[in-house]
Structure formats: C-alpha cells, structure tokens
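A.B. asks: Following the hints, complete the assembly by docking chain B onto the known chain A.
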Amino acid sequence: MKFKDYYKIMGLSRDASADEIKRAYRKLARKYHPDVSKEPQAEERFKELGEAYEVLRDTEKRAAYDHLGSSWQPGQDFTPPPNWQGGGFEFHQGAGGPAADHHFSDFFESLFGHTFHAGAGATGAGPRMRGQDQHSKITISLDDAYRGATRIIQLAVPEWDATGGRVMRNHALQVQIPRGVVQGQQIRLAGQGAAGAGGGPRGDLYLEVQLQPHALFKSEGHDIYLNLPLTPWEAALGAHLTVPTLGGNVEVKIPAGSQSGQKLRLKGRGLGSKTRGDQYIVLQIVTPPAMTPAAREFYERMSRELPFNPRSHMGV
Amino acid sequence: MPDTTVTITATVLDEDVMLSVDQLCASLGLEPDDLIAYVQEGLVEPRGTGPQTWRFPGPALKRLHTALRLRRELEIDFAGTILAVDLLEEIERLRARVHALEQLLGDTR
Numbered sequence: 008m009k010f011k012d013y014y015k016i017m018g019l020s021r022d023a024s025a026d027e028i029k030r031a032y033r034k035l036a037r038k039y040h041p042d043v044s045k046e047p048q049a050e051e052r053f054k055e056l057g058e059a060y061e062v063l064r065d066t067e068k069r070a071a072y073d074h075l076g077s078s079w080q081p082g083q084d085f086t087p088p089p090n091w092q093g094g095g096f097e098f099h100q101g102a103g104g105p106a107a108d109h110h111f112s113d114f115f116e117s118l119f120g121h122t123f124h125a126g127a128g129a130t131g132a133g134p135r136m137r138g139q140d141q142h143s144k145i146t147i148s149l150d151d152a153y154r155g156a157t158r159i160i161q162l163a164v165p166e167w168d169a170t171g172g173r174v175m176r177n178h179a180l181q182v183q184i185p186r187g188v189v190q191g192q193q194i195r196l197a198g199q200g201a202a203g204a205g206g207g208p209r210g211d212l213y214l215e216v217q218l219q220p221h222a223l224f225k226s227e228g229h230d231i232y233l234n235l236p237l238t239p240w241e242a243a244l245g246a247h248l249t250v251p252t253l254g255g256n257v258e259v260k261i262p263a264g265s266q267s268g269q270k271l272r273l274k275g276r277g278l279g280s281k282t283r284g285d286q287y288i289v290l291q292i293v294t295p296p297a298m299t300p301a302a303r304e305f306y307e308r309m310s311r312e313l314p315f316n317p318r319s320h321m322g323v
Numbered sequence: 773m774p775d776t777t778v779t780i781t782a783t784v785l786d787e788d789v790m791l792s793v794d795q796l797c798a799s800l801g802l803e804p805d806d807l808i809a810y811v812q813e814g815l816v817e818p819r820g821t822g823p824q825t826w827r828f829p830g831p832a833l834k835r836l837h838t839a840l841r842l843r844r845e846l847e848i849d850f851a852g853t854i855l856a857v858d859l860l861e862e863i864e865r866l867r868a869r870v871h872a873l874e875q876l877l878g879d880t881r
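Protein chains in written order, with the working numbering: chain A, 8 to 323; chain B, 773 to 881.
Excised from the complex, chain A in its bound form (with noise of 0.2 Å):
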C-alpha cells in the first residue's frame, strides 16, 4: 500500500496548528466538495481531504501519524512498523465527524483500523437494527429516461463480516427505472442499501439520476426543447413537417409568417410518468448557400422583387 502524506494532501507543514488544520479544511472542503464543486477529481480530493482531516484533527491520530516520521515520500510503498499498534492508542470511529460517511484508503485503515468497525450494539450479534441507507448516482440516455429502461448496475455496498467489521461487497444488481424521470431526480430501491444488524432489515439504496447528452434534444426539468431548422420559404408560407420527438416522429404545423427563435409546443410530448412535460419546437430558418450562377440570379431577384428591411426598428 501506498503512503499518504495528509499534510501534503492539505497543504500544510508539519507543525500546523490545530486552527490552521481547520481553517485549511474549510478552504479545501468548499473548493472540493462534491456538491459545489465543478473541479476535475473533486470526489477523489474531497474523500482524500477527509481522511487527512480525520487523522490531522484528532490529537491522538495525529501524534501516532507523526510518530511515523517525516522520512516517507507520498505514494512510496508502506508497511507499518512491527511494533505498530497505533502508536499505543486505542482509536475510535469519530461519530459525526465529517467524514464519517467516507470509506477510507487501506493506508488509513492499517494505521487506525476499520473505518467500518462499528460501536457496540451495531455488529451482526448486537439488537436489531436496519442497514443505513446508501446513496450514489446513474447515468441514463434521455430515450431510456422517456421509456423506462432496464439497467445492471455495479454497487459497492457494505456487508458485516464474521467479526463484526464492515466490509465492502461488490454486488450486481438489475434495476427498472420507471419511465419519466428527469436530471437530478432520485430513485429509490427499497431494501438494496446497507446490511443490518442483529437481523435488522437492509437499508434503501437512492440512485440520483444524471442524463447523457443527446444529438438532438435538451432536457430541462421535464420539459425538452429541440432546433427545428427550417428553410425560408417554408417559414414564410407555412408547412407540415416531420418533427423528432422522444416518443417518435410527429406532424407539425408551421403557420405562415414564422420567424426564427419563435417556439412552437407540443404539449406532453416530454418527461414524466403521469403528467409529462412538454416539447419545445424552437424554429431556426437556414438560407440555401448561393453556389451556383442560377441560385445566385435567384437571390438577385428575390433583393429586386421582395423589398424588405429586416433592421428598420434600428433607424438604419
């Protein structure tokens, strides 16, 4: 396993005190944290800060960590000392601390012990208690999202071990996602979280949902909105046209006179499961490109026949 340098990972020197710790913490939490952040690895350095500040808070982790030396590079391969037994503390899970949620890295794990290794009373043997409840994220296509869709997913969930520790499994499930969610929604599967305890029912497992980008459509909320480009002349005297829509092809009539920008509707043609949301058309007129002599004699008369100011309400 690979060493950590939690001062490094916080930008700290060695004798940084207790307020400094913090106020680095708070710094680093906000420019990191999954929630605010847009920050390439913010996950990653979010989970790494807080496992620096869990040890690097605590008086007694941090002794024992310091007890290590100050010889270790970052990511140089560790083993901990033979006589290691936390530096001669007995360490305990930080209840509420910020952390607490965290899975920490092996290194953490082999200095303090089970992130996991729950008080007395939470272990498999202890009374009943439900498992906690576990949350992570799915990614979907907008069409499955329109439909509903079948999906495995992938999960690392946590199991208690013979000993009464928390151990991470890697569990494959398959889920139906209900048709008509929308980006950020959540969705729960009720009984797929966390073991619990004592025979305790499992905890629920939420799955925020994160919408691929598509060619066509945008999603915003339940409502989703499409570039209809369209050529003069149908603008101009009106059409019926073929228009994608998530649920299929649709007639649409384009009234004479259409401008670009303007936004037609097509109601419920969006996102949801009882009521949907709607479709917006949004028209685009595309000029033919004057290639050839004959298009270009077309235009010419177009500019004879068809005066037409469209900058007169600019007075130029």
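Bear in mind the hints are in silico, worked out from the structure with no lab data behind them. Please read these numbers as outputs of a predicted model, since none were measured by experiment. Each residue gets a CB set at the ideal place from its N, CA and C atoms; glycine is no exception. The reader is advised that the hints may include incorrect statements.
Okay, derived cross-link-like pairs now, BS3-like style, lysine-lysine, Cα gap no bigger than 30 Å in a straight line [claimed, not checked]:
(1) B/K834 with A/K260
(2) B/K834 with A/K281
(3) A/K34 with A/K15
(4) A/K15 with A/K45
(5) A/K34 with B/K834
(6) B/K834 with A/K29
(7) A/K45 with A/K9
(8) B/K834 with A/K38
(9) A/K38 with A/K54
(10) B/K834 with A/K144
(11) A/K144 with A/K281
(12) A/K54 with A/K34
(13) A/K144 with A/K270
(14) A/K34 with A/K45
(15) A/K38 with A/K9
(16) B/K834 with A/K274
(17) A/K15 with B/K834
(18) A/K260 with A/K144
(19) A/K54 with A/K15
(20) A/K54 with A/K29
(21) A/K29 with A/K9
(22) A/K281 with A/K270
(23) A/K15 with A/K29
(24) A/K281 with A/K260
Away from chain A, derived, C-beta distances all over 12 Å, residues of chain B [stated by the list, open to error]:
(25) Q812
(26) E813
(27) Q824
C.D. replies: Relative to chain A, chain B alone:
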C-alpha cells in the same frame, strides 16, 4: 458470479411520493427534532398539520440529504446550509437552461 436474475423496480421520488417523518429520519439518520427545525426554517415543506401527520414530497429527501452533507462536511451553520441548498438548486436549474439555450444557439452556426 453475482446473482443478477432478480430485477428491482425503482420508485421515482417525485412530487407524488409522500414520506413521513419516520421514513425521512430513518433514511437520513436524523433526529425528529432536527427535521422539525429544518421544516421551521423552510428547507422542506410538508403537507399536514403537525409532525404526526406530516407528509413530505419525494424531492424533500434530496434537499435534506444535501443539507446534512453540506452542514457536516463544510461545517457551515444552519441558516447558511439552507441558503446553500437553495442556491445549489438554482444553479442546477440555470445550468440546465444554459445547456438548452446553448444548443439552440449553436446548432445552425
């Protein structure tokens, strides 16, 4: 090999799903008093007359979960947490809108 033959049907936590105080507290590891405090501050809005009959629409769970995480992990206070949750939701809405508008502007250029 893990057993993948059983299909689990997910419930969408939309406005139609109603969650009780007990359900929310069990799910979030939250004390009822803390939940009541969040209700009083307006983070989540239940239907019903009092904690016994309160029912929360599905999206309340995500708001509470985000709030608890921010409060614990960023060590910010109660009022600041609620403000942060509101602003994050607003940013998410605006971001979706920007993406939609960007596509509409960019497609034919």
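A.B. asks: Return the numbers of the hints above that this structure violates; sort them in rising order.
C.D. replies: 1, 13, 17, 18
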